[in-house]
Amino acid sequence: MKRTLLAFGDSHTAGAEILERYSYECFDRSYAAYVANYYKFDYKNFSQAGCGNDWLIHRFNKEIKSAIKNKEDVFVLFNFCESSRMFFEDKGDLTVHFYPSLLDKKYYKEVENSFIKKGEEDTDFFKDLKRLLPVYEDYLRDNTLESLDLKSLTQVQYIQKICIENNIPFVFHSSCQWYSGSWDDILEQNYYGHNKKFNSNFSYSNYSFWGRATTNERWKHLQKEHRWSEHYPEEYHRHYASLLINFINNQGIL
Amino acid sequence: MKKILDFIRNWKKERSFKKRLKELQKRDPFIYK
Chain G
1 MKRTLLAFGD SHTAGAEILE RYSYECFDRS YAAYVANYYK FDYKNFSQAG
51 CGNDWLIHRF NKEIKSAIKN KEDVFVLFNF CESSRMFFED KGDLTVHFYP
101 SLLDKKYYKE VENSFIKKGE EDTDFFKDLK RLLPVYEDYL RDNTLESLDL
151 KSLTQVQYIQ KICIENNIPF VFHSSCQWYS GSWDDILEQN YYGHNKKFNS
201 NFSYSNYSFW GRATTNERWK HLQKEHRWSE HYPEEYHRHY ASLLINFINN
251 QGIL
Chain A
1 MKKILDFIRN WKKERSFKKR LKELQKRDPF IYK
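First to last, the protein sequences are chains G and A.
Mapping the first sequence onto the working numbering, position 117 (from 1) lands on 117, and the numbers just tick up by one.
Mapping the second sequence onto the working numbering, position 31 (from 1) lands on 31, and the numbers just tick up by one.
Derived from the structure by calculation, the hints contain no laboratory data.
The structure displayed is predicted, hence computed values, not measured ones.
Glycine included, C-beta positions come from ideal geometry on N, C-alpha and C.
Warning: the hint list may mix true and false statements.
Claimed, not checked - So the derived list for chain A, only partly shown, Cβ under 8 angstroms to chain G, looks like this:
id: 1; residue: E23
id: 2; residue: L24
id: 3; residue: Q25
id: 4; residue: D28
id: 5; residue: P29
To be verified - Only some residues are given here: those of chain G computed to face chain A with a beta carbon under 7 angstroms:
id: 6; residue: E82
id: 7; residue: F88
id: 8; residue: P100
id: 9; residue: L103
id: 10; residue: R141
id: 11; residue: S182
id: 12; residue: T214
id: 13; residue: T215
As the list claims (entries may be wrong) - With a straight-line cut-off of 30 angstroms between C-alpha atoms, the simulated BS3-like cross-links for lysine-lysine are:
id: 14; chain 1: G; residue 1: K106; chain 2: G; residue 2: K91
id: 15; chain 1: G; residue 1: K105; chain 2: G; residue 2: K117
id: 16; chain 1: A; residue 1: K19; chain 2: G; residue 2: K224
id: 17; chain 1: G; residue 1: K224; chain 2: A; residue 2: K2
id: 18; chain 1: A; residue 1: K18; chain 2: G; residue 2: K151
id: 19; chain 1: G; residue 1: K106; chain 2: A; residue 2: K26
id: 20; chain 1: G; residue 1: K40; chain 2: G; residue 2: K117
id: 21; chain 1: A; residue 1: K3; chain 2: G; residue 2: K151
id: 22; chain 1: G; residue 1: K109; chain 2: A; residue 2: K2
id: 23; chain 1: G; residue 1: K117; chain 2: G; residue 2: K151
id: 24; chain 1: G; residue 1: K106; chain 2: A; residue 2: K22
id: 25; chain 1: G; residue 1: K109; chain 2: A; residue 2: K19
id: 26; chain 1: A; residue 1: K2; chain 2: G; residue 2: K130
id: 27; chain 1: G; residue 1: K105; chain 2: A; residue 2: K26
id: 28; chain 1: G; residue 1: K117; chain 2: G; residue 2: K127
id: 29; chain 1: A; residue 1: K26; chain 2: G; residue 2: K127
id: 30; chain 1: G; residue 1: K109; chain 2: A; residue 2: K26
id: 31; chain 1: G; residue 1: K106; chain 2: A; residue 2: K12
id: 32; chain 1: A; residue 1: K13; chain 2: A; residue 2: K2
Turn these sequences into a full structure, and let the hints steer you where they fit.
Printed below as a string of structure tokens:
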């Protein structure tokens, strides 16, 4: 049976902006697809733009249960996202994913106007966004940065535990930056850019997808290009895939 | 007096949340228009 790469992550893993705004075809050209192609694996991508780790755990549980039940040979590539993102109701593809920028009044107004412009202000999606935004604000008020990061670290450990228990090879990495807290229980050989020394001053890690794109000299030219939502072109996805492939080969994960 | 103290307490709480929110927005600059 051919092995299948199961990719979980946010917009970066989904390949947002490679082709066009909302195209699922981007899945087939994201770095996860390049990793799968390199190893000649089948490939499934469960990524979602703007989603957080809670949503990914939710999807992971569903997919991994099915893979284990069907005795599928799988490889998990998991991109952990920013710890402050959250969802409250699973409505499949129409689930609203909340992220901190939505609480910026100016940005929210732009989002609202874009729904109005498209004549979508009466859709359930927009109604859910308006209804649940105060809930998200309360969620952020009730949690410190440390508690959000601690939750994410616990989620990393959870995925690691499931993979080890079921003999599933896995590689973790991050889209933004690392989480504060103890990394002692997270396997260094499976986390690309594993970092035990968290820097409390904000800075992107040169290992994360977004971090390398914004801090590495080689990709400085991309900063000046117009991109609708700060994502990166296929050229950068190919580069990031090569970093992950080197890591997987060096660590002897497969 | 109690009202003034409550006001100051709330104002401090709000200020601290706004600061935390700014930090979160810096950590996660994701936008989706």
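Quick rundown of the hints versus the structure:
no.	hint	result
1	E23	holds (7 angstroms)
2	L24	holds (4 angstroms)
3	Q25	holds (5 angstroms)
4	D28	holds (4 angstroms)
5	P29	holds (6 angstroms)
6	E82	holds (4 angstroms)
7	F88	violated (17 angstroms)
8	P100	holds (4 angstroms)
9	L103	holds (6 angstroms)
10	R141	holds (6 angstroms)
11	S182	violated (19 angstroms)
12	T214	violated (9 angstroms)
13	T215	violated (14 angstroms)
14	G/K106 x G/K91	holds (27 angstroms)
15	G/K105 x G/K117	holds (18 angstroms)
16	A/K19 x G/K224	holds (29 angstroms)
17	G/K224 x A/K2	violated (53 angstroms)
18	A/K18 x G/K151	holds (22 angstroms)
19	G/K106 x A/K26	holds (15 angstroms)
20	G/K40 x G/K117	violated (44 angstroms)
21	A/K3 x G/K151	violated (36 angstroms)
22	G/K109 x A/K2	violated (37 angstroms)
23	G/K117 x G/K151	violated (38 angstroms)
24	G/K106 x A/K22	holds (13 angstroms)
25	G/K109 x A/K19	holds (21 angstroms)
26	A/K2 x G/K130	violated (35 angstroms)
27	G/K105 x A/K26	holds (15 angstroms)
28	G/K117 x G/K127	holds (15 angstroms)
29	A/K26 x G/K127	holds (27 angstroms)
30	G/K109 x A/K26	holds (19 angstroms)
31	G/K106 x A/K12	holds (23 angstroms)
32	A/K13 x A/K2	holds (16 angstroms)
Hints 7, 11, 12, 13, 17, 20, 21, 22, 23, 26 from the list above are not met by this structure, while the remaining hints are.
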